[in-house]
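S.K.: Each protein sequence line maps, in turn, to chains A and B. Per the numbering used here, the very first residue in the first sequence carries number 1; after that it's consecutive. Per the numbering used here, the very first residue in the second sequence carries number 1001; after that it's consecutive.
It is possible that part of the hints are untrue.
[Claimed, not checked] 30 Å max Cα-Cα, derived DSSO-like pairs, lysine-lysine:
#  : chain 1 : residue 1 : chain 2 : residue 2
1  : B       : Lys1639   : B       : Lys1389
2  : B       : Lys1332   : A       : Lys11
3  : B       : Lys1336   : A       : Lys11
4  : B       : Lys1381   : A       : Lys11
5  : B       : Lys1053   : A       : Lys35
6  : A       : Lys11     : B       : Lys1380
7  : B       : Lys1618   : A       : Lys11
8  : B       : Lys1048   : A       : Lys95
9  : A       : Lys35     : B       : Lys1718
10 : A       : Lys35     : B       : Lys1048
11 : B       : Lys1735   : A       : Lys35
Keep in mind that the hints were calculated from the coordinates and are not lab data.
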Amino acid sequence: MARYGMALDYKNCINCRACEVACKEENGVELGAEKHRIWVGSNNPDGEWPNLSLSSAVFLPSQCQHCEEAPCQEVCPTNATYYNDDGIVLVDSDKCILCTYCMNACPYDARYVDERTMTVDKCTFCSDTRLARGETTTACQATCPTKVRTFGDLDDPNSEISQLLENREHFSLKAHLGTKPKLFYLR
Amino acid sequence: MQVEISRRKFLQGSVALSIVGGTAVSTTSLLSGEQEEHHTLPENITTKTGTGKAENIPFLCGICVNKCAGFARVENGVITKLNPNPYFPKSRNMLCPRGNAGIQTTYDPDRLKYPLIRIGERGDGKYKRVSWDEAYEAILNGTDKFKGIKHILDEEKDNRATIGYCNGEGLSKEGFEVLVGEKIGSPNYVDEISICLETTLGAYVNTIGTYGEADLNNADYLIIAGANRAEAIITPDTMDMFKRTQRRGLKTIVLDPRFTNTAAKADRWYAVNPGTDLAFVLALTYVVMNEALYDKDFVTKHGVGFEEYKNHILSHKYTPEWAEKITNIPAKEIYKTAREFMAAEHPIYYQGRRSVFSKNDFQLRRAMAIFQALSGNLDKKGGIIYGQKLALPKEEVNSPMYAQVKDRFDKDGIAIPAQKTGSWIVFRNMVLEGKAPYPIRAMFMRKHNPLAGVPNTAKTVEFLKKMDLNVMIDILPSDTAMYADVILPEASYLERTSPVASYGFLEPAIVQRRAAIKPLFETKVPEQIYKELAEKLSKPLWEITKKYDEDVQDDLKGKSKEEEEKYYKANGFDLADAWEKPVEEANKERVAKAFGEKAWKTLEEKGVFYPEMEKYHKQLNPNEFQYYPDNKKYYTTRKDALKVVFNFKNLTKKGVDAMPTWYDKWNFSVPDGQFRLVTGRHAQFTQSGTTNNMMLRDLIPTNYIWINSRVASQRGIKFGDVVEVKSSVGKITIKAYPTEKIAPNQIFMLHGFGGSSEKMEMAYGNGGNDAAIIEDKIEPVYGAAVMHETNVEIRKV
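Work out the full structure: start from the sequences and follow the hints.
M.R.: As structure tokens, then:
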């Protein structure tokens, strides 16, 4: 049993989206521009050419935050969305009735409809692929050119992620909602 | 239950089943769903990796020029995932989006699957499927639609120079050069270099003795101009750089006409006018000379002509105030940058690595290399390093001598013509304009798409139509392939073992690409194709040589049949003798000879080898590895031999300035109502080679024309509107992307889109092809294509 989370050194991100492709290939994610478990949020810089604000152009990798108080899980009428033993939020596609309550409830827009199964799909932290084979990294972490991501067990004080969170300033997205996300952005 | 479209259905349901003609081919197109027994195709387009048995085969990525290393996960004969290889110091345990999506190149339903012979007109895409032998036979003897090489060389009296050839970058390129250049004997070769970074390589080598490698792990100040490492990923530069930008150790100054993802990571971004970087560097140099900020000991010890250069810069008064008007960069920013650069401990003016921008590009790169040298930050940690390379035994080629072969001619308007690789534009245009001293009658092409890469596509089409024979070896039915008479389908890089390669600089290593799966359909590895084609051509072409080559005739006088056969073999006229061993065997021999049997084992297993690897290589954290300990890295290798050529006097003999000099004709200006066209790359695409990749198309569906949002609004152009972009050489239609990330008098588009081959379903007609509108201008030193000197008009359609 572990409590898995991910730390993101997001300033390293160059918006290349290697993570998105690695995720799709690893996990057999449905093809399509709108079908992705992870993505990179980006925005245009403020200002007018040539006076643009560099600091306003930010790349923010995102995905399911694997909240400890996950709103998606709370609203699911069939218990299709559940926490596994390692605290990973998953969807049991056999139970999913595509009511999409979870998609509306998720404050991070982390869910989409897999039109092959007609159920809701999302990041699994590679639990049924890489972790199931005993690997210790997710596909997105392993491939990242600038090494943005560190995945690991938050309950293990010696894990790299625990060390990073111990020693670096960090923040969570929409922390005020009380969802207790397990993705941590390093400053 | 999954209701995914199975790949088999996808193949059969594909829309472009348009091959017509020969009886056997009514439904057998490039896209046929027919499969041979041994071909295992994935069931789905994206295949979830399993938890059962799998092989992990080390491969070297072939989706761009970088050659990153990875492991291919193969389950039941299907490649299900490509993972980064943690042993290769160059690619540092990563794969970019394109590297990950390489699977989709191998399993691209539009792939060339069988040899094809043209049965329609050039460009109309009508081919018939033939056997390999029929294809080779057609190259030798032609068909009723085109002539064979035998006929051509007979008519040209064995002048092998009438056969032109081209090949884009890659590990099997050298073999193709051996086949057509050394063995068949043509000097008329053009490749990607004259449409790429020729001036940069040439200027750096001639100025500081190397193009070098920027040690971005240890640098503390970086000027990166016209290079976009966040989007045009280069290993290891991209990975090293962005871990340290944004006030984390590497102060970064970006010059680019548009606001790139690299600019977004910078401390400062200067929207330099296109083609005026040289004025910026000259002004930086002026400040450094005027204020004596340079490393005096270093320039005294290593410089050639330093005082002359100093006088040159000061007497021309290349002041920041002067440069401000030319570059659009404020003078005070130039002063600040020059002073900061020289005050930094490890400053780097990044060499850049892309195509030639403007006609002054050679002098720009000279000025950059010199400016770097003024800091003294060469051949040391945190600077531009020379490094080391692990030597592999060279493979000898027995090259025949042909008396009738004429010299290459593409030298019009070029000061220093490249003997081996020539100039694409000058070569093509001289042939088209009838200026060549003898005809070019055939083009042998491989892994190269000049219709999308060489400026002025209309001329390239005309050039190819002029040929009596066009042959293409490739993976996909590219725009250029549609002008070939014979198409030979090659195995993709995941299906072949390639000649072993050595990568040098700071942490040198030997790498090998191993085939992850067998070649699909009837495709073959390139070296096998070279060998078989050579076998087919060898004797018939030998007969032509005997008929016209007086040297050979003299040598053969009075010789018996057996003696003649001996002569033929001894003098390299047996064209196939360069491929006696399969690639795997040749690799093993070379590696074992240089580094021993154990090295070979390591290479086979890990894909990478370097001396002391077992001792040096270790994991530092979940993401990072040590390849060489710091004290074993090749930071300093040149030492006293290091030479910096400030004043390159010999250049004047060729009509080239000995020292970088600005001319007013290079000032940036755009006529009213027009725009300067700027092109570039993106992290999700490698030029035209990846535009049919389904996975990458999800990331970038098409290319857009970037136009300043205020200008767009004046013209009533909104996001997604289709506009016509017209230059003096052509026009394209493309969707608009209004943005403040570009100047009001400039437009930008991604290179590589706008495919014209109907056989590539995803790429066909999608977006615009920049080569169709870029004017075919060259810079005067090497004859390299200049990409940013075309003005265009835009109109909403």
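S.K.: Next, verify each hint and record whether it holds.
M.R.: Right, here's what the structure says about each hint:
no.: 1; hint: B:Lys1639 x B:Lys1389; in the structure: holds (16 Å)
no.: 2; hint: B:Lys1332 x A:Lys11; in the structure: holds (29 Å)
no.: 3; hint: B:Lys1336 x A:Lys11; in the structure: holds (26 Å)
no.: 4; hint: B:Lys1381 x A:Lys11; in the structure: holds (25 Å)
no.: 5; hint: B:Lys1053 x A:Lys35; in the structure: holds (28 Å)
no.: 6; hint: A:Lys11 x B:Lys1380; in the structure: holds (28 Å)
no.: 7; hint: B:Lys1618 x A:Lys11; in the structure: holds (26 Å)
no.: 8; hint: B:Lys1048 x A:Lys95; in the structure: holds (21 Å)
no.: 9; hint: A:Lys35 x B:Lys1718; in the structure: holds (27 Å)
no.: 10; hint: A:Lys35 x B:Lys1048; in the structure: holds (15 Å)
no.: 11; hint: B:Lys1735 x A:Lys35; in the structure: holds (23 Å)
No hint from the list above goes unmet by this structure.
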